[in-house]
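J.: Taking the hints into account, I'd like the entire structure generated from these sequences.
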Amino acid sequence: MAAPIVPARRKPKGKVTLAHGGGGKAMRDLVEGVFVDAFGMGGAPLEDQARLVPPEALLSGGRLAMTTDGFVVDPLFFPGGDIGKLAVWGTVNDLAVGGAVPHWLSVSMIIEEGLDIEVLERVAHSMREAADLAGVRIVTGDTKVVARGGADKLFVTTAGVGVIPAGRDLGAHLVQPGDVAIVNGYLGRHGAAILAARGEMMLETAIESDCAPLNGLMEAVLSAAPGTRCARDATRGGLASLLNEVAAASGTGFAIEEARLPLEAEIRGFCEVLGFDPLYLANEGRLAVFVPPGEAEAALAAMRDHEHGREAAVIGQVTEGPAGRVVMNTAFGGSRIVDMLVGDQLPRIC
Amino acid sequence: MKYIDEFRDPALAKNLFRRIESLVGPAGGTKEKPLQIMEICGGHTHAIFRYGLDKLVPAELEFVHGPGCPVCVLPMSRVDDCIEIAARDNVIFCTFGDAMRVPGTRKSLMQAKAEGCDIRMVYSPLDALELARRNPDRDVVFFGLGFETTMPATAVTIRKAAADGQTNFSVFCNHILVPPPLRALLSDPQMRLDGFVGPGHVSMIIGTEPYRFIAEEFGKPLVVAGFEPLDLLQAIVMVLQQLAEGRAEIENQYARVVPANGNPHAMAAIEAVYEPRSSFDWRGLGEIDRSGVKIRGEYAAYDAEVKFGVGYGAGKAAGREPEGCRCGDVVKGLIKPPACPKFGGECVPERPLGALMVSSEGACAAYYQYGGTRREEAA
Amino acid sequence: MCLGIPGRIAAIRDAERRIASVDFSGVRRDVDLTCVAEGALDDLVGTWVLVHVGFAMSVIDEAEAQRTLEALAELGEAEEEYAAMRESAAMLEERP
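Residue numbers (the numbering used here), protein chains in the order written: chain G, 1 to 350; chain W, 1001 to 1379; chain F, 2001 to 2096.
Misleading hints may appear alongside valid ones.
[What the hints assert, rightly or not] With a straight-line Cα cutoff of 30 angstroms, these simulated DSS-like cross-link-like pairs (lysine-lysine) come out:
| no. | chain 1 | residue 1 | chain 2 | residue 2 |
| --- | --- | --- | --- | --- |
| 1 | G | Lys25 | G | Lys144 |
| 2 | G | Lys153 | W | Lys1113 |
| 3 | W | Lys1107 | W | Lys1342 |
| 4 | W | Lys1113 | W | Lys1307 |
| 5 | W | Lys1113 | G | Lys144 |
| 6 | W | Lys1342 | W | Lys1031 |
Don't read these hints as lab results, they were simulated from the structure.
T.: Structure, rendered in structure tokens:
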């Protein structure tokens, strides 16, 4: 029998057009030429769904964990990262802070007509690199093209599946008064890098986004401090929102020690110029873990041994309450409430 | 950070707190009738709450949060004017971020932006001028607001626009002055302030002389202060010292930034571009004589009021405050924010009813955001 | 009101338009010098200025800053002396 005739794939070039979303040859070329190649899905026949073999940890009593997140960022490429890295690591981190070992990711892209295909290629390769660094595989995906103005260049949604090993349980409801909170490094880099990269405030800075995969760090912390109660990643809304969420969910209060916050000079300068509070700046590679006091030292040491936790610091302690109340003890011995923000921080002059 | 970190040293603060404690009695403060010191400037209000200073000073001393927040005292009708201009065809409306959430009678600039107006946040008026340069076929309007500190910046920008012949640029001028509302407050028979912490950055422009009437006519001490916690605490010590010694003088704690005669270049720019309005409306305080400025006729081409016909008081009813809102009494120091019936209930930062809940510099928002136990007191 | 922060003039960007690049702890931004200088600007490089909305509004007086800090330190010493005096006075009173 003669082998089926497979037309040679044409590497797509130029700009994405509506034809690339039309379900025909152009779309196939885009999907195969850009994504299949980059994600390393070639070889096996492509189906509409990924078919996955359950990992050992799942078979021996583990639980599945699943999460999804949408990513929109302007600009798509910024110092320290790009939308692809955010989309992979953001989902990896959402799994990891729940104690899950991330395994597989799906990717859905909404592409605005007119986007350079070269941009898509860069994003796809960046995602592959990010996935490799985090030790996960991108196993399925989808693309849609919308007319100009229907989206802003590129929106990426990822979903992730991981496995929580048997016997592991993390959650805000487990947090207790006296627990210690540790963050894994300098705060606010992502938010500052994005704002500077947008150029509207005309600031020049060498600040780079902190975006990073945190699953390795989480495993290190969990093996050093197996009694860890809860972990959360500090993304939009910054550390302040994270602490407020945990305090609300656990029915406890929280006291931050201002003097112990990991803040570097450049972020402080950036915040002074725009009148920002670094506690509310976005991060993409920062988490807080809540551990019993007896394990705080071990957890801190484990973080500092890890490449994404060199500047880790204990920032404060869980208190009896009032429930949901986050208080900052200032370096002067005063205190103030650290509330959630109403909306984004806006640069202020007064 | 140089000139910042040295003035945030907690060890030195301890001494200042001790000094304040030993001075507050001789200065006349009692637990029953605490001394009332007004920090005029919203930046000071912000610093007091940010560092928790209000809870660290003795009970014989009480901060009264003054009217020095330009966003808080902006009348609603002026926000309406902004939105009217922003809604015009072809306009790019530029503002400082502070003004985005200030409610007008119907909506804020933030809401107008969501509805499709081209509204941009800028850091500097020069950024708005740059936008005009880059968009020659659009009309770029800059929302000029702020006190004497900000006035030279918009004045220099207008002069640069004029020198460049950048005719698609204009300024919607809402600049206001610090001394007139102080006179108005001090003339109010209900007032019982004991002294003032003066605004450091306004003073670096106008100097210390314009406050002289406070000491000479009203017999109250005023100390111009910087914005770091040690600056503020030292200024309070200086006010208390004056009270203890029975003096009422204008003193300057912030000499590293504030020369006694201010900034003559900046004053010349203000003088060249602006002239006083006969009166201006302050949210919560009402009309105050000669408390605002407008752009001189010479620069009319750069005056958005002229260009878009939205002149001040052009047949408009003065912005009415929402029923029950007691921002005015808070600004006068007659009540604390939690004493307002709307505080924390109908009036919260997400949905500000009154002006003082709008900006993080506003006394009510600062109380709400940072106020510690104060919020429970309100509940 | 009126956020103003100290920055160091790092370079003159456009002498004609009176624009300099000012450094704030490693973050830089163009700042207008019209209000703090007449004539040549080159001498200003390295100077600390107080910046508000993209304009230098005051040249920071290093000597005055030192004087303020010294006054603060002296206050501390004086306070310690007072405290010591109060303590010894209290001890004297306690004596029978």
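J.: Going through the numbered hints above, which ones does this structure break? Give me the numbers in ascending order.
T.: none
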